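So you can see what is in the structure, the chains are spelled out below.
There are 2 protein chains.
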Amino acid sequence: MDHAPASPEIAHTHVAFEDGIALECGVVLKRLVVAYRTYGRLNADRSNAILICHALTSDQYVAETHPLTGRPGWWETVVGPRLPVDTDRFFVICANVLGGCMGSTGPKDPRDTDTVESWGIDFPPITIRDMVHAQKRLIDHLGIGRLFAVVGGSMGGMQVLEWAATFPASVFAAVPIASAAYHSAQNIAFNEVGRQAIFGDPDWFEGRYQAHGVIPARGLAVARMVAHITYLSEQALTRKFGRRLRGGQTLSLFGDRFEVESYLQHQGSSFVLRFDANSYLTITRAMDYFDLAADHEGNLSRAFAGTPTRFCIISFSSDWLFPTADSRAIARALNRAAANVSFVEIASDKGHDAFLLDEPDFHRTLAGFLAGCAEHAGLAA
Amino acid sequence: MDHAPASPEIAHTHVAFEDGIALECGVVLKRLVVAYRTYGRLNADRSNAILICHALTSDQYVAETHPLTGRPGWWETVVGPRLPVDTDRFFVICANVLGGCMGSTGPKDPRDTDTVESWGIDFPPITIRDMVHAQKRLIDHLGIGRLFAVVGGSMGGMQVLEWAATFPASVFAAVPIASAAYHSAQNIAFNEVGRQAIFGDPDWFEGRYQAHGVIPARGLAVARMVAHITYLSEQALTRKFGRRLRGGQTLSLFGDRFEVESYLQHQGSSFVLRFDANSYLTITRAMDYFDLAADHEGNLSRAFAGTPTRFCIISFSSDWLFPTADSRAIARALNRAAANVSFVEIASDKGHDAFLLDEPDFHRTLAGFLAGCAEHAGLAA
Numbered sequence: 018m019d020h021a022p023a024s025p026e027i028a029h030t031h032v033a034f035e036d037g038i039a040l041e042c043g044v045v046l047k048r049l050v051v052a053y054r055t056y057g058r059l060n061a062d063r064s065n066a067i068l069i070c071h072a073l074t075s076d077q078y079v080a081e082t083h084p085l086t087g088r089p090g091w092w093e094t095v096v097g098p099r100l101p102v103d104t105d106r107f108f109v110i111c112a113n114v115l116g117g118c119m120g121s122t123g124p125k126d127p128r129d130t131d132t133v134e135s136w137g138i139d140f141p142p143i144t145i146r147d148m149v150h151a152q153k154r155l156i157d158h159l160g161i162g163r164l165f166a167v168v169g170g171s172m173g174g175m176q177v178l179e180w181a182a183t184f185p186a187s188v189f190a191a192v193p194i195a196s197a198a199y200h201s202a203q204n205i206a207f208n209e210v211g212r213q214a215i216f217g218d219p220d221w222f223e224g225r226y227q228a229h230g231v232i233p234a235r236g237l238a239v240a241r242m243v244a245h246i247t248y249l250s251e252q253a254l255t256r257k258f259g260r261r262l263r264g265g266q267t268l269s270l271f272g273d274r275f276e277v278e279s280y281l282q283h284q285g286s287s288f289v290l291r292f293d294a295n296s297y298l299t300i301t302r303a304m305d306y307f308d309l310a311a312d313h314e315g316n317l318s319r320a321f322a323g324t325p326t327r328f329c330i331i332s333f334s335s336d337w338l339f340p341t342a343d344s345r346a347i348a349r350a351l352n353r354a355a356a357n358v359s360f361v362e363i364a365s366d367k368g369h370d371a372f373l374l375d376e377p378d379f380h381r382t383l384a385g386f387l388a389g390c391a392e393h394a395g396l397a398a
Numbered sequence: 018m019d020h021a022p023a024s025p026e027i028a029h030t031h032v033a034f035e036d037g038i039a040l041e042c043g044v045v046l047k048r049l050v051v052a053y054r055t056y057g058r059l060n061a062d063r064s065n066a067i068l069i070c071h072a073l074t075s076d077q078y079v080a081e082t083h084p085l086t087g088r089p090g091w092w093e094t095v096v097g098p099r100l101p102v103d104t105d106r107f108f109v110i111c112a113n114v115l116g117g118c119m120g121s122t123g124p125k126d127p128r129d130t131d132t133v134e135s136w137g138i139d140f141p142p143i144t145i146r147d148m149v150h151a152q153k154r155l156i157d158h159l160g161i162g163r164l165f166a167v168v169g170g171s172m173g174g175m176q177v178l179e180w181a182a183t184f185p186a187s188v189f190a191a192v193p194i195a196s197a198a199y200h201s202a203q204n205i206a207f208n209e210v211g212r213q214a215i216f217g218d219p220d221w222f223e224g225r226y227q228a229h230g231v232i233p234a235r236g237l238a239v240a241r242m243v244a245h246i247t248y249l250s251e252q253a254l255t256r257k258f259g260r261r262l263r264g265g266q267t268l269s270l271f272g273d274r275f276e277v278e279s280y281l282q283h284q285g286s287s288f289v290l291r292f293d294a295n296s297y298l299t300i301t302r303a304m305d306y307f308d309l310a311a312d313h314e315g316n317l318s319r320a321f322a323g324t325p326t327r328f329c330i331i332s333f334s335s336d337w338l339f340p341t342a343d344s345r346a347i348a349r350a351l352n353r354a355a356a357n358v359s360f361v362e363i364a365s366d367k368g369h370d371a372f373l374l375d376e377p378d379f380h381r382t383l384a385g386f387l388a389g390c391a392e393h394a395g396l397a398a
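Protein sequences appear in the order of chains G and X. Each number in this note's numbering comes from the position in the first sequence (counting from 1) with 17 added on. Each number in this note's numbering comes from the position in the second sequence (counting from 1) with 17 added on.
Everything labelled a hint here was simulated from the structure, so no lab data went into it. One thing to keep in mind: the hints can contain errors.
[What the hints assert, rightly or not] Pair ranges (Cβ atoms, derived):
1. X/Thr-255 x G/Val-45: 33 to 41 Å
2. X/Glu-314 x G/Ala-342: 40 to 48 Å
3. X/Arg-128 x G/Ser-287: 31 to 39 Å
4. X/Arg-345 x G/Ala-342: 21 to 29 Å
Since the structure is predicted, the reported quantities are computational estimates derived from the model, not experimental observations. For every residue, glycine included, the Cβ atom is placed at its ideal position computed from N, Cα and C.
Chain G extracted, bound-state conformation:
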């Protein structure tokens, strides 16, 4: 199969930091680009900013049509006028993560200022903390001393926790959703399956596929397929597809005979058109390495010692990728740190992806928490 390289060049709104960034792994990137989008208006005292942190495969196009796919923003149910993250009231910022492929510095970029050769597989390992440091540069650049809130689901929730732990004075309120303070062995295992699928693709070329003008499309699609299953629930898959067959009843070894199969294949094949395989490897690795307690002598509550931040931890009952137990562990650690924390498990049968879907209880919880915090922060209604 021939495939055009993913992600034709698009001009993303961005800021470039010519002094670069020092990464946790020791490498210094000589130049740092942070691509971002904003919604709503920053108020006069710069106190109404909400940073949204995106998940593994989403990006900064939160609440507008995606420039590459033409599809709606990934959180248009949550972010917008009179929505839970109300852009009539708040100034909303979302940055493409460091290591991503939507304009922020990542493996697709030239490895040096005087070459066009891309980093590819040689892009240094990135951590969740590196992502947060890059976002902090953006926030400083925007002249925002304290974020009213940092909000994110899944890997976005990991960034929220890291923000609160690393820059407590800069985070008035934090909402980690469907997330965890570390990546579990099972989640690492699923990521590893995806990575091995990419490595096994004939167009992988040891990570130098860009130089060959191809992408490891089949491997990346398989990685997306297995990940996608983990974002749903058995109930959601059963409700959506059950055992419905496409076409006839004749037994056949091939072809997308079950609807769930063609759905998954579509998820895989559309994903490779918008996402870079080396970014996928970089970001899944960052998730695997995330272990906030390990960074604080194995004691998660120490990460939040003396925190002034107000937390709202949200999980979904049918999420088996980041189960409620993971969120409860965060809430317990925050309680031990005497933090201001509320914890809500939303009853839903939609699995991990529930945070992206129409879940009225979740939306009410988020809106209510932000409204309460706004009052405490003295933000005008």
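Guided by the hints, dock chain X onto chain G, whose structure is given.
Just chain X now, kept in the frame of chain G:
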């Protein structure tokens, strides 16, 4: 990567039926070979036979060293002298499933009696019912009119249910373990990920890899890896591996840094040495197509109308591939059919694979059920 073809030729004990077998899909295989192993002794009135039905990737080597891998039989914890399936008392039979790669007719075999060219990808689709029909030929050949019991886990449990539904007079007792009466959308989805990984392998050659002297090793390994995760539980993975790193602490994008990764990679790479990719496709498809209720006007209890068989349905609490709800649905259908049925959920945190592991409660349940049935069947103790 160069790989020798899987499964060097081994002489498996077998019986050949030269009149062949008519498959559900309409194809007639001109010759049927059933490879099998037996343990214990058939009694004088041929009433003490237990048929073990194996799961997706196991085979007839239940209780002895595997001739290919040199490893212990897959159910040596359960089948043997004074074990739950007591070979001092019962005559135990296990046949490699039709479509398999350990001696029974399957994709590796010549497609016709006058050619050496193998079926490969053209092997006709097989159903669980076809597997059971092939086993029935073996049982008839052995001169056994009624099996004392049919026992199996996972896909083996599907065969147990099909046996009871298709040949009720031939099954005194039936024990489907960690199984279901149909494959769920989520399970089909996981199988599809594995199939797509195989199809994406550069050594796949549209299923004609045997003619090229290679095997789609990387794709088949990825298929095994993702399946293997579903056989375990999050708790089991956490207990076994947690977030332990192999080697040092330095962040690195590559290498098997987490123990769970190298474990999975080992599972994948050892699997491809013993299993044929086309067999994997054939058998996963058979599981996907299994839907016993659909074969009985959508009413599972009709599959068992008037059944004389005694059933013991066993599930494991942490099995998320074939969750307890699936077993409970079988038990309910049997109750509606006024069948003799007991249903036991074993508390275990070992996931689906619990049926293969040292689970004393499970072993006691199985032994107790078989002992009770033996009494009712008038078998000498």
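For a quick check of understanding: which of the numbered hints are violated here, in increasing order? The structure breaks none of the hints.
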